[in-house]
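Colleague: For the sequence shown, the working numbering begins at -13 and goes up steadily by one.
Since the hints were derived computationally from the structure, they do not count as laboratory data. Mixed in with the good hints, there may be bad ones.
Claimed, not checked - Label pairs and their computed distance ranges (CB to CB): (1) His212 - Arg56: 41 to 51 Å; (2) Tyr216 - Tyr16: 30 to 40 Å; (3) Gln18 - Trp281: 33 to 43 Å; (4) Thr252 - Arg207: 45 to 55 Å; (5) Gly268 - Ser15: 25 to 35 Å.
Quick caveat: nothing in here was measured; it's all calculated off a predicted structure. Virtual Cβ for every residue (Gly too), placed ideally from N, Cα, C.
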Amino acid sequence: MGSGVHEQQRSLTQGEVAPLPSSSQSEGSYEQTRSVLNSLFSGALAGAVAKTAVAPLDRTKIIFQVSSNRFSAKEAYRLIYRTYLKDGFLSLWRGNSATMVRVIPYAAIQFCAHEQYKRLLGGYYGFQGKVLPPVPRLLAGSLAGTTAAMLTYPLDVVRARMAVTPKEMYSNILHVFARISQEEGIKTLFRGFTPTILGVVPYAGLSFFTYETLKKLHAERTGRAHPYSYERLTFGACAGLIGQSASYPLDVVRRRMQTAGVTGHTYGTIFGTMREIVSEEGFIRGLYKGLSMNWVKGPIAVGISFTTFDLTQILLKKLHQMGFTGQ
């Protein structure tokens, strides 16, 4: 019996039997995988809930952004009401299916990427598991938004086209892809890509930065690690207001470039598009058209998005602790 034990030890020291991975290693790998999947699911749900809630306002904003008509709250209300009378209540959500096809992967990637960038930057700067310093906090948000935008951009073009065209023109998402590819070329699916990336850097960066900063200040002032739901909504609303206001002119430019094929314009470059908008409509009325609606829509959407993500993450963690999500 003793010789058998010695033989087993000898074989292990000689490397004849490969050692099993330690339980701590496999546990760490499992935890990281679970964290990524939770972030993806929470982000997808957050994006879907937020965008659906403000879809009629979002569609109205895009219609004004891509036209030369002057924007006002009264005109926006009239457009919504005329659309309702002409095509019915559900027509106010036209293009929302394309929005969901885009926003679900976009939000999932953005929130998941943000968690991963926070972890990587936290390890690099020595703040693992803690709130990042201001500059890395801003960088994590910008990188997350850029990653998501780069991976889902053609879906944004499709969504914009469906929002500004009558339902007879495009029957579904695949029809939009097919017609654009055949009539305007594949490159059209990436028109407006540069202003989108330039806009998403300050937008995502400032949005995540503001939200994380407000949560940090709240925890320091109150001693509560988890804000109440209404506080999360408020923090998210502030984040959306700051982020969208900073990047709004580039949002107008990308919408003009994305929908040029159906509005009769030929926008070529970012500065050329800006120059044409300013010369025809003025600086404020052109480049900031619809911003007041965005001050209503944006904070609501971003507030709902951040709150849904956080609460879903908390729920998933509780379910895991209770044993509902597997071991």
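Colleague: Provide an ascending list of the numbers of those earlier hints which the structure does not satisfy.
Modeller: 5
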